[in-house]
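Chains A and B, in that order, are what the protein sequence lines are. Here the working numbering is used: the first sequence runs in plain steps of one and ends on residue 259. Here the working numbering is used: the second sequence runs in plain steps of one and ends on residue 303.
Possibly wrong hints are sitting among the right ones.
[Said to hold, decoys possible] Derived list of chain B stretches under chain A, where covered just means 3 residues or more per stretch with a C-beta under 8 Å from a C-beta of chain A:
1) 68 to 77
2) 189 to 196
3) 293 to 299
[Said to hold, decoys possible] Over the 12 Å line for every Cβ pair with chain B, so calculated as not near, a few chain A residues:
4) VAL22
5) LEU85
6) VAL97
7) SER106
8) PRO114
9) LEU148
10) LEU168
11) LEU174
12) LEU178
13) PRO206
14) ILE230
15) ILE249
These are computed hints drawn from the structure, not numbers from a lab. The beta-carbon is built from N, C-alpha and C at its ideal position, and this holds for glycine as well.
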Amino acid sequence: MTTATSLTPRRTWSRTLLWQFLGLLLIVGVWWLVTDGLKIWPKYVFPGPKAVWTEFSYGLWGSGPQDGKLLSSVGNSLRRVALGYLFGVGIGGLVGLFMSLWRPLRDTVGSYLQGLQSVPSIAFVPFAILFLGLNEKAVMFVVVLEAFIPVALAVSGAVLNVPPAWRTAGRTLGASNAALVMRVLLPAALPNIVTGLRTAWSFAWRALIGAELLTSNPGLGRLLEVGRNTSNVALVIATIIIVGVVGGLFDLIIRAWEGHIRRDYGLEVAA
Amino acid sequence: MTAQPKRYFDLATADPPTRPPQGKLGLVTADPLEEATSPDYSNYGESSHEPGHPHTAPRGATLELSGVAYHYSGHSAGRGLGSKMAAGLGPLDLKVKAGEFLTVVGPSGSGKSTLLGVLAGFLRPQSGEVRLAGHPIKGPHPALTLVQQEHALFPWLTVAGNVAFGLRSQRLPRAARDRRVAEALAQVGLSDYGERRVHELSGGQRQRISLARALATRPGLLLLDEPFSALDARTRAEISDELLGIWKSQQVTVVFVTHNLQEALSLGVRVVALRGGEVVLDAPTQGLRVEKLRGVLD
Ligand SMILES: Nc1ncnc2c1ncn2[C@@H]1O[C@H](COP(=O)(O)OP(=O)(O)O)[C@@H](O)[C@H]1O
Ligand SMILES: [Mg+2]
C-alpha cells in the first residue's frame, strides 16, 4: 500500500494514485470472490469484505455499548506511539550525535546497537514485563527502544559520512565547534537522518502492536487478542487493516518530507 | 560603520579565538570609506616590483613555511630508501609576503592543493613550521580563508545563505550582513542569484559563489585553489579583473593556485612553480615568459 509515491516526480503522482486505486479494487474484488462469491471457506474462518466493513462501522462510528472499540484503541495506540517515538527519537538523536563526535562511544555503544537492532522487538517484551511489570511502562519501554536504535545509528552514520570538504568549508569560514555541528554537520546529515526517522517509525509502530498484544494494554494490539479470543476473524482483519493504514500514513508523511529535502539538496532530479 | 567588525588579522595570538575581536590592532579595514587613504595601485601591471612597491606593502601579516613537509600516509609509509618519492609536498621553504599576489603553478598532482591545505592550517605538516606574522599556527585560522578546488557550497542554504555563512560566524548584525552579501554577489556578477539553490547553478557559477562566500568574510589572506577552472574565457577575464580590483583596494594577500601558466603570469606579482612537491621556480612575474615557466615544469 505504501509504494514510493513521494520519491517519484510530482507529475506522475495522479497516475500513481490511479494505479494504486485500481490495485485496491483488484485486491478487494479477489477477496470478495474467494469469500462471499465462491464461499471456499466458512464465514467464521475467512470472512468477506462485507463482514469486515461491518466491524469497521461498529468499531469506528457505532454507538452501542460494545461499539467504538476500534476508535478508542486507535487513540490509545497513537498516544503511546507518539510519546514513545518522540522520546526515543530525542535520545537516539543525542546519543547518535555523541557517537559520531566521540570515537570511544562509537566503538563501544555503537557496535552493540548494531547487534541490538537485529533482535526482534517482541523478544524484548518478556524482559520488559518482568522488569517493569505487566503495564503501560513495559509497552513504552519497547517502543522507545525500537525508535531509539535506528535513529542513533542513522544520526551517527550520517554525520560521519558528511563530506570532508563541507567541514573544511565551515572551518575556514570561521565556524566554532558548536557552529560546525549545528550549522554544517547536522544540516548536511539531514537527508540520511530523515531516512532513519522513517525506519524508527516503522520499528516503533510494529513494536507497539506486538507489545500491546502481549501485555493486554488497551490498544490495537489488544484488539487483535480480543478478536482471537472471541473467534471474531472479521475484527482481527479490520484491526490489521487499521494498523497498516495508520503506519502507512505516517510513513507517507515522513516520505514527503524526505522527498522535499532531497529536492532542496539537489539529490534528486526535479520534475 | 564603526560597529562593524573589521577584517580580522590578529597578530598577537597564534591560536584562533572563538570570536573575532572588533577592530583590533588598527589593521586593514575593508571599509570602502577608507579606500581614499589606501595606497594607489592604479598603475598595477605597468610598474616594476622594486622594494617598497605597493604590491608588497607591509600591511597584514606574512605567512611563512620553513622546512615544511607533508606526505600522505600510506604513500610515505613502507617505502624503502631510494624508492620513488612519496606523494605529498616538500620539504620546502616559502614566504608569502603581506599584501602580495602569489600564484602557484604546476601540473596536476604536483602538490598545489596540498600546499594550500598546509598554508590554511588544514593539513598539519609532519615536519617544519607554518608561521603567521611570526607565530606558529596549529590549525585553521580566522585570518586565512581557503576556497577549495572542489566546490563545497552548502546545499541546505540558498546562495545568499552560503555567502552569509562566514558573516554569521563573525556575528555581524543583520543589516551589515545583508549589505556584504549583496556586495559579494555583485563582485562575482551574480547579484540576481541570491535566492537560488546550489544545485540550480552551473559549475562556473558555483565557483564564483564559492569565491563570493570567501570574499564576504573579508579575509586577510585568501587562498584560492584553481578558482576559475570551470569558467569560460570571458567570465574568467571579468572575475580576474574583479579579483585584482579587490586585491588592490583591500590589500588582501592572495595565494592563487592554477595550472594555467598564462593566468599565473598575468595575475600574480610573484609565481611559484611546483613539480613533484618541490619548488622549481620562485620568481617575480615581471618579465617572466611563459616559455621559461614551461621549461622548468617539463
Ligand atoms: N588524500 C590524499 N591521500 C593520498 N594522496 C593524496 C591525497 N591527496 C593528494 N594526494 C597525492 O598527493 C600529490 C599532490 O596532490 P595535490 O596537492 O592534490 O596536487 P595538485 O593540487 O597539484 O593537483 C598527488 O600525487 C596526489 O595523488
Ligand atoms: Mg589540486
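Going down the list of hints, with the structure as the test:
no.: 1; hint: 68 to 77; in the structure: violated (count 0)
no.: 2; hint: 189 to 196; in the structure: violated (count 0)
no.: 3; hint: 293 to 299; in the structure: violated (count 0)
no.: 4; hint: VAL22; in the structure: holds, 50 Å
no.: 5; hint: LEU85; in the structure: holds, 17 Å
no.: 6; hint: VAL97; in the structure: holds, 28 Å
no.: 7; hint: SER106; in the structure: holds, 32 Å
no.: 8; hint: PRO114; in the structure: holds, 44 Å
no.: 9; hint: LEU148; in the structure: holds, 17 Å
no.: 10; hint: LEU168; in the structure: violated, 10 Å
no.: 11; hint: LEU174; in the structure: violated, 9 Å
no.: 12; hint: LEU178; in the structure: violated, 7 Å
no.: 13; hint: PRO206; in the structure: holds, 43 Å
no.: 14; hint: ILE230; in the structure: holds, 37 Å
no.: 15; hint: ILE249; in the structure: violated, 8 Å
Of the hints listed earlier, those the structure fails to meet are numbers 1, 2, 3, 10, 11, 12 and 15, in rising order.
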